[in-house]
Amino acid sequence: MHKLINTMLLLLVLFPVYATEPSEEEIQSQQYDQEACVQKILNPCIEKCKHQDDIDCRQACQENAKNECRQAGE
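Those letters in the sequence shown? Residues -19 to -1, 1 to 55, per mature numbering (1 follows the signal peptide of the UniProt record, and there is no 0), in order.
With a Cα cut of at most 25 angstroms, we get these calculated BS3-like pairs of lysine-lysine:
no., residue 1, residue 2
1, K31, K47
2, K29, K47
3, K21, K47
4, K21, K31
These are computed hints drawn from the structure, not numbers from a lab. None of these values were measured; they are calculated from a predicted model.
Starting from the given sequences, assemble the full structure and let the hints guide the process.
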């Protein structure tokens, strides 16, 4: 049993794994999804800012939207 485990570990260490780079199309799709997510969150937040006196409200909305979309992985 130990031989089998040791052999498997040795193969895993010696067997190189190459990650493939995402295609340009995949990158553009991810960027589009990210921007769409930000706009979906940003627009209602900015509407609320119109009824508040907070000067930094829009900036807070933008940062919040980017962070929420980043955490969601979009």
